[in-house]
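Asks: Sequence:
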Amino acid sequence: VSGFGEITPDNKRIITMEWIVEGIALIFIGSINATVTVIDYTSSISLAVYLSSVVVLIVLAFVSFLTGFKISFLPFKLCPVIFITSAVLILLGGLF
368 VSGFGEITPD
378 NKRIITMEWI
388 VEGIALIFIG
398 SINATVTVID
408 YTSSISLAVY
418 LSSVVVLIVL
428 AFVSFLTGFK
438 ISFLPFKLCP
448 VIFITSAVLI
458 LLGGLF
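Residue numbers for the sequence shown follow the numbering used here, so the first one is 368 and each next one is one higher.
The hints are simulated quantities; they were obtained by calculation from the structure and are not laboratory data. If you're wondering where the values come from, they're calculated on a predicted model, not measured in any experiment. Think of the CB as a built atom: it goes at the ideal place given N, C-alpha and C, for glycine as much as any other residue. Warning: the hint list may mix true and false statements.
Said to hold, decoys possible - Here are the in silico distance ranges between beta carbons for each label pair:
#, residue 1, residue 2, range
1, Ser-411, Phe-432, 28 to 36 angstroms
2, Tyr-408, Arg-380, 16 to 24 angstroms
3, Lys-437, Ser-410, 37 to 45 angstroms
4, Gly-390, Ser-411, 36 to 44 angstroms
5, Thr-375, Leu-462, 45 to 53 angstroms
6, Leu-441, Leu-462, 28 to 36 angstroms
Kindly generate the complete structure, drawing on both the sequences and the hints.
Replies: Structure representation (structure tokens):
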């Protein structure tokens with residue numbers, strides 16, 4: 368947050384909250400995919416989890432591309448690439 372320069376304390380809290388929420392969402396996506404894979408990777412529920420995770424990651428990539436990709440801060444520019452790569456890997460892993 369300190370890398371953004373002068374912003375209000377409320378905006379710092381909002382940015383911090385958004386980072387935490389996104390991190391928790393990504394951890395949840397990974398955890399739920401790992402869990403259904405361990406339980407039964409061939410079930411229809413597992414396929415639904417894989418596909419819904421792919422959709423969420425693509426939406427996050429799109430939002431990141433429209434917002435964070437336009438900033439000079441490199442980690443934000445990498446987010447869409449990381450999200451799409453993760454979605455492709457989950458999709459490939461779920462289908463094969």
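Asks: Does each hint fit the structure? Answer for all of them.
Replies: Taking the hints in turn, this is what the structure says about them:
For Ser-411 paired with Phe-432, a C-beta distance near 31 angstroms keeps the hint of 28 to 36 angstroms intact. Checked against the hint of 16 to 24 angstroms, the C-beta distance between Tyr-408 and Arg-380 comes to roughly 40 angstroms, which is inconsistent with it. Against the hinted window of 37 to 45 angstroms, the Cβ-Cβ separation of Lys-437 and Ser-410 comes to about 41 angstroms, which satisfies the hint. Against the hinted window of 36 to 44 angstroms, the Cβ-Cβ separation of Gly-390 and Ser-411 comes to about 29 angstroms, which falls outside the hint.
About 47 angstroms separates the C-beta atoms of Thr-375 and Leu-462, a value consistent with the hinted range of 45 to 53 angstroms. Roughly 32 angstroms separates the CB atoms of Leu-441 and Leu-462, a value that falls within the hinted 28 to 36 angstroms.
Of the numbered hints listed earlier, those contradicted by the structure are 2, 4.
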